[in-house]
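The whole structure should be built from the sequences, with the hints applied where relevant.
Chains as they are written, first to last, in the numbering used here: chain G, 168 to 460; chain U, 31 to 381; chain W, 39 to 487.
Note that these hints are calculated values from the structure, not bench results. Computed from a prediction, not measured in an experiment: that's the story for all the values here. The beta carbon of each residue, even a glycine, is placed where N, CA and C say it ideally should be. Do not take every clue at face value.
Said to hold, decoys possible - Covered, in the sense of this in silico footprint (three residues per stretch, anywhere, with C-beta under 8 angstroms from a C-beta of chain W), are these stretches of chain G:
1. 172-182
2. 278-287
3. 377-388
4. 418-424
5. 429-436
Stated by the list, open to error - Straight-line distance between alpha carbons at most 30 angstroms, and here's what the computed DSS-like set of lysine-lysine pairs gives:
6. K221(G) <-> K349(W)
7. K470(W) <-> K176(U)
8. K320(W) <-> K270(W)
9. K270(W) <-> K217(W)
10. K218(W) <-> K176(U)
11. K181(W) <-> K125(U)
12. K207(W) <-> K217(W)
13. K125(U) <-> K470(W)
14. K270(W) <-> K218(W)
15. K221(G) <-> K356(W)
One letter stands for each residue in the lines below.
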Amino acid sequence: MNLFIETFIGGLLAGTMYSLVAIGFVLIYKASGVFNFAQGSILLFSALTFVTLKESGIPFVVAVGITIGVLIVGAIAIERLLLRPLANRSPMTLFMATLGLSYIVEGLAQGLMGAQVHPLDLGIEDVPIFIGGVLISQFDVVAAITALVLVAILALLFNKTRIGISLRAVADDTRAALSIGINLNRIWQIVWAVAGIVGLVAGMLWGARQGVQFSLSLVVLKALPVLIIGGFTSIGGAIAGGLIVGAAENLAETYIGPFIGGGITPWFAYFLALAFLYVRPAGLFGELAIERV
Amino acid sequence: MTLDVSREYDVQPLWLADRKIGWGVPLLLVLTFVVIPLLGNEYWLNAIFVPFLILSLAGIGLNLLTGYAGQTSLGSGGFMAVGAFATFSLVTHVKFISLPPALFLAGLIAGLVGLVFGIPSGRIKGFYLMVSSLAAQFFLEWVFQKFPWFYNYGSSGTISLPRLDIFGFNGGSSIGRYYLTLVIVVALTWVAANLVRSHVGRNWMAIRDMDTAAAVIGIPVDRYKILAFAVSSFYLGIAGALWAFAYLGAASVQSFGIARSFQIIFIIIIGGMGSITGNFIGAAFISLLPLALDYTVQSIFSGHVDAGLLQNIQKAIFGFLIIWFLIKEPDGIARLVKTFGERLSAWPLRF
Amino acid sequence: MRSFLLKTILAAALAGTTLSVLPAAHSAPGEQYVPLPTYRVGPYASSGTLWWAGERDYFRYINEVEGGIDGVKLAVEEFETEWSPDRTVEVYERIKNGRDGSPVAFFFTHGTPASYALIEKGAADKIPLIDPAGGRTESTDGKVFPYAYPLLFNYYSQASVGINYIAQKEGGFDKLKGKKIVTVYHDSAYGRETQAAVELLAKKYGFENFQIPVADPGSEQSPQWRQVREIKPDWVFLRTWGVSTPVAIKTAARFGVPADRIIGDVWAGSEADVIPAGAAAKGYQALAPYPGGANFEIHERLRKSILDTGKSDLKDPKFFGAVYYNIGLINAVLAVEALRTGHTKFGNRPLNGEEGRWAFEHLEIDDARLKKIGFLGLLQPIKLSPSDHEGGGAARIQQWDGEKWNLVTDWIQADRETLRPLIEAKSAAYAKEHGITPSDAGKTTGKAE
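Rendered as structure tokens:
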């Protein structure tokens, strides 16, 4: 029984790491309708920038600040050079464009900052905490708290600030938002910058766990099932999806895995997502698309 | 469209347009069947033409599913793996079978697998379908990695055929592989071209454009979607088998990973979704571009700039070109070429 | 149909222009062509860039300081593969006939999957495939695999040295009985290569053998290490690669498996594997047929002539002497010494593939020679033969102290006699499947032995 609880809680916490990545996707999809496959590369790029700055002696906070600056510049560039020329194109085209973007960002990241692995020490010890015989990772707990704080900040952003409300307006009905004078381009730049910052936070946590290296951009493949289960358009859904995927994956690997040879994590989450889709084709919290002729 | 008005009404032909083949296709066939093998050296045949043909075939497969039937799929790599491993199993365990029937059967097996993974398409659409195709991709990768039966318990997990037995004689030479690939690709292209012009193709396109309307006018949407998955996987399976045995010689699941799926989807995007010739153009682009880029960049910068930086910049340039193409011509190079051809035929008048 | 014809013409023209873009020649007829399929892009670039730096630096040293190998200079050329075996095959096809009259004597595959993919092609084209500490284990049997060389340290030897070290630490082979040794492996052919050997050794010495897979890429391993914790092992053998290694070490620490009870294999024993794991990696041991460290004699020489003169391929000199850099040095020196051996028979000229085969099969480097070339302590004494393409089978153990790798043992030899029957069984199976008759020892062009 202890094993079950431990696996379950461990999975929940691991899942919040996936949610962090998924939140970036949700932001961009909500506001610009683009499924941003480059989120993983942006995560890598931001983490790498931060680490490179920090290793050259710049203090933590300043490095974060500079990285955010770079991300803002990047968001503006992406909006100008990618989103504007491709406005009104099919979602598939935009997705392909973000695939191309991911190549560019990865190439720049490794080309400019080198391919070496960088350790990232955020000062969080990865020691186990024992609660009644159940082992919980301190690092995972901190990650989970960070995710919740992030969601709270984003919720504040969306509900209380002008920019946030404009974002929601754009997500709800782009044309109506345009017609009342909201500057769509500015909104997109802001959203991509915020998504980049969310990516930075996720990148820092993932980097602390496994080192800042190229495979960081592959976490995006873990975030996709989370998005499906939670829905593409809901941040709360991203958290819920992450929890479900994390717990299920862990439990499956421990209890089902040994019967079929183990190592089932690559596809299990996807099958779970598929099963969810059958029941709710738009994810748990996603918007059901109404199809018209 | 020619209407011969010089004849009497009752002897007018029933169809208004002659389907002239013209001399474009025969010229191409002569070029590929006769000229290239005579002129080409081993490297060009082995390492350029054969993969180009195979990638075009894979592109046709995915195009039928995504370009014509509108079902986005990122599972192409997995279905190619099914074809390759199925061929291997057939040839290894069914002693007297020759390669072409083995390829055909393997294609059928891949088609069956595709059919199974296509069942969700009835309920799931758009990006969600794309992500569920990833389920197929990762699951199939895992299966061929995990169960040693598929690679005949070899410790390296790779599959290879000791000889390419084409109805008795050995097709293992570079000319043999080239012809094997060429014949199969030409035949399957012909089938695909006819398929998309038939009612099947038209139904697919109706589903792609607006599946609700298609259902309203009575097209059995679910059945055609599943058919698209099956046919597409058939093509992909054969392409995968050819990739493993006619090109590489030995392959493992790694050759059919998600990078391969991305590569094929790039081929159809750049070549043109919803076109058959587009696949060939896209495959040429994707297979030749890295080489051309490498050569150009190396000859200009080599020795002066760090090699790692150069390689990564090339990757960035590749991504940039993809975006550029998407901006300039979302229907792919095929459309660009068609427009150019139409301009030429109207020249010197402005188009 | 005009537009179709026009489309065809346009496509042909496009193809023609790109077709004419054939890579230009980079070497002269009197030189030995050395193609390197590299990866500077992608997830493994962090190891790769150091590896090629080691190779290029040593080749440069040979060319510039020693004037080539017996006067024959090396023409080195790189090709990017992003670690994809498919692209390595394409590179192989491109270079197998040499360049501009300079022949290819051998081909570094730089990766086990690429070795697997090229085994048949190498045999058909008669080009030796060199993959030190990697490759297909059964290709140690050179009679069935005349053109595949898992030099120095094949996977079975790795398992054996690991077990021998454990025995050393436990105080003798008899103490192994009843102990629990868990192997956490990357779920791929690479990770599974050692299973047969460990099973055999478990039967021989009586320890319990547990095998636990980690799926690629292995960024989340709590379920696996929870299982390990349930088993309560005495030792853990880590056979991972890439990001799964630091995650493994960290997760192991979290679940109470101390790093000094974990032994990593060759490809889980570099700086990139331990640095991200931080404090958890202190005490972690790894098999080192390629020890880390910049204090060997060859490093002094290279420092003087290559590093300090700014001619090094390393972007950051702090990696001079890193494990992967030394891997590059060792790969390069094995090739150079083999070519030297070949020159004694064929004369001081560039060698082709068949001659390269003879050269590698007769490669022998003893302690005296190691001292002369500056590799004493870094490279083990090695002797190949037509039936033994491994030649060495020993490794030292290095331990991470948080800052650098420290060598804690001398060369530990693998139990090659016990493992040989296993290898021969597998190579015989391969020979049967592919219809190969094992060649007689020493059967090469113009050789009468």
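To see whether the hints hold, each was checked on the structure:
With 5 residues having a beta carbon nearer than 8 angstroms to a beta carbon of chain W, the stretch 172-182 of chain G meets the requirement of three or more and the stated coverage holds. For the stretch 278-287 of chain G, the stated coverage by chain W holds: 7 residues have a C-beta nearer than 8 angstroms to a C-beta of that chain, and at least 3 were required. Under the rule that three or more residues need a Cβ within less than 8 angstroms of chain W, the assignment of the stretch 377-388 of chain G holds, with 8 such residues. Here the stretch 418-424 of chain G counts 3 residues with a CB under 8 angstroms from a CB of chain W, which clears the bar of 3, and the coverage holds.
Residue count for the stretch 429-436 of chain G with a Cβ under 8 angstroms from a Cβ of chain W: 5. That meets the three needed, and the coverage hint holds. Straight-line distance between C-alpha atoms of K221(G) and K349(W) comes to about 28 angstroms, which keeps the hinted pair within the 30 angstroms bound. Straight-line distance between C-alpha atoms of K470(W) and K176(U) comes to about 24 angstroms, which keeps the hinted pair within the 30 angstroms bound. Proximity of K320(W) to K270(W) is assessed by CA-CA distance (about 20 angstroms); at most 30 angstroms being required, the pair is judged to hold.
For the given pair, K270(W) sits about 10 angstroms from K217(W) by alpha-carbon distance, which is consistent with the 30 angstroms threshold. In summary, the hint linking K218(W) to K176(U) is supported, as the alpha carbons are separated by about 25 angstroms, within the 30 angstroms threshold. Annotation: proposed proximity of K181(W) to K125(U) holds, straight-line Cα distance about 27 angstroms (limit 30 angstroms). Under the criterion of a C-alpha separation no larger than 30 angstroms, the hint pairing K207(W) with K217(W) is consistent with the structure, at around 13 angstroms.
A threshold of 30 angstroms between alpha carbons decides the hint, and for K125(U) with K470(W) the separation of about 15 angstroms falls inside it, so the pair holds. For the given pair, K270(W) sits about 8 angstroms from K218(W) by alpha-carbon distance, which is consistent with the 30 angstroms threshold. Taking the CA atoms of K221(G) and K356(W), the gap is near 17 angstroms; set against the 30 angstroms cutoff, the hint holds.
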